[in-house]
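Note that my numbering numbers the sequence shown so that position 196 is 193, with each residue one more than the last.
Please keep in mind that the hints were generated in silico from the structure rather than gathered at the bench.
Where is the CB? At the ideal position from N, CA and C, for every residue including glycine.
Be aware that one or more of the hints could be misleading.
What the hints assert, rightly or not - Taking lysine-lysine and the DSS-like style, the derived pairs with C-alpha atoms no more than 30 Å apart in a straight line are:
| # | residue 1 | residue 2 |
| --- | --- | --- |
| 1 | Lys98 | Lys86 |
| 2 | Lys142 | Lys222 |
| 3 | Lys190 | Lys52 |
What the hints assert, rightly or not - Here are the computed distance ranges between Cβ atoms for each label pair:
| # | residue 1 | residue 2 | range |
| --- | --- | --- | --- |
| 4 | His211 | Tyr22 | 19 to 27 Å |
| 5 | Asn230 | Arg104 | 39 to 47 Å |
| 6 | Glu193 | Lys21 | 29 to 37 Å |
| 7 | Ser235 | Asn111 | 56 to 64 Å |
| 8 | Gln258 | Glu88 | 19 to 27 Å |
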Amino acid sequence: MPTAELIAIGTELLLGEIVDTNTKYLARQLRDNGVNLYRSTTVGDNIQRITSLMKEALTRADIVITTGGLGPTVDDPTREAAALACNTKNEFHPELWEQIKQRFLKRAMNISENNRKQAMIPAGAVVIENPVGTAPAFIMPHNGKALICLPGVPREMEYLMQASIIPWLKDHYALSGIIKARVLHIAAVSESKIDEMISDLEEMTNPTVGLLAHPGIVDIRITAKADSEEAANEMINSLESIIRQRLGTDIYGVDDETLPQIIQKLSAKGLHPIKVILGG
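Based on the sequences and whatever the hints tell you, model everything.
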């Protein structure tokens, strides 16, 4: 399986002004398509730091995906950083500039000369047109690796990931494996107690088991890598069965199920939620 790193670009992310939902989305997309995500990093709008981070990531991972910094302003340095990281220069694409102008025209918006910057793409890059925004994305092949730069607007990034990036990755990396995960939710049992009960399972390498504590709740995440979704699910099912034998009714839900939802379902059946969840 190929390896990947994510770089979220934007000083607003470092200042906590907005929540980075892009990394979560990309992590799940990579997981579901058989790409091992090894690291994710957030960096501000500083061209030197971005360039350095891109260079480092390209030494470790097969695929480096960045989000943000593709706008028309001075503090949108991703194109320049990508060109520096890959030892090339940006080139002006007249056809992209025409597309950008047409999108502004359709939206009855005034276009500024600095929007020309969005038609600048590193030489040698594969241009990814952006029909849902003004910032084109691009894929920069470099020494057998791929630097993929996407816009930071979630709607645009998600569209381009589905329409262009995943198909490109499948073509170039022969993605055949898959990574699946399932989360079991436990209430009223401490993380340390659960760790005692399943510590031997936490030493497994595939599938793997991990714990994550929340206030009053602990999650057990089971992750499997396999050649097919069916094989991955079989691995997860087998391990989940062992965990359920040990924890029993302490497990109240799976994946997106929440405790309030479970309580509502039990109440609708005329059952006493607290007694059922606590085994009373």
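So, going through the hints one by one against the coordinates:
For the hint linking lysine 98 to lysine 86, the alpha-carbon distance of about 23 Å falls within 30 Å, and the restraint holds. Pair hint lysine 142 plus lysine 222 holds up; C-alpha atoms about 22 Å apart against a cutoff of 30 Å. Of the supplied pair hints, the one linking lysine 190 and lysine 52 is violated, its CA atoms being roughly 43 Å apart against a limit of 30 Å. For histidine 211 paired with tyrosine 22, a C-beta distance near 21 Å keeps the hint of 19 to 27 Å intact.
Hint check: asparagine 230 to arginine 104, Cβ distance near 44 Å, so the stated range 39 to 47 Å holds. Between glutamate 193 and lysine 21 the CB atoms are about 31 Å apart, so this pair conforms to the stated range of 29 to 37 Å. Judged by the Cβ atoms, the range 56 to 64 Å given for serine 235 and asparagine 111 holds: they are separated by roughly 57 Å. One distance hint, 19 to 27 Å for the beta-carbon pair glutamine 258 and glutamate 88, is violated here, with the actual separation near 53 Å.
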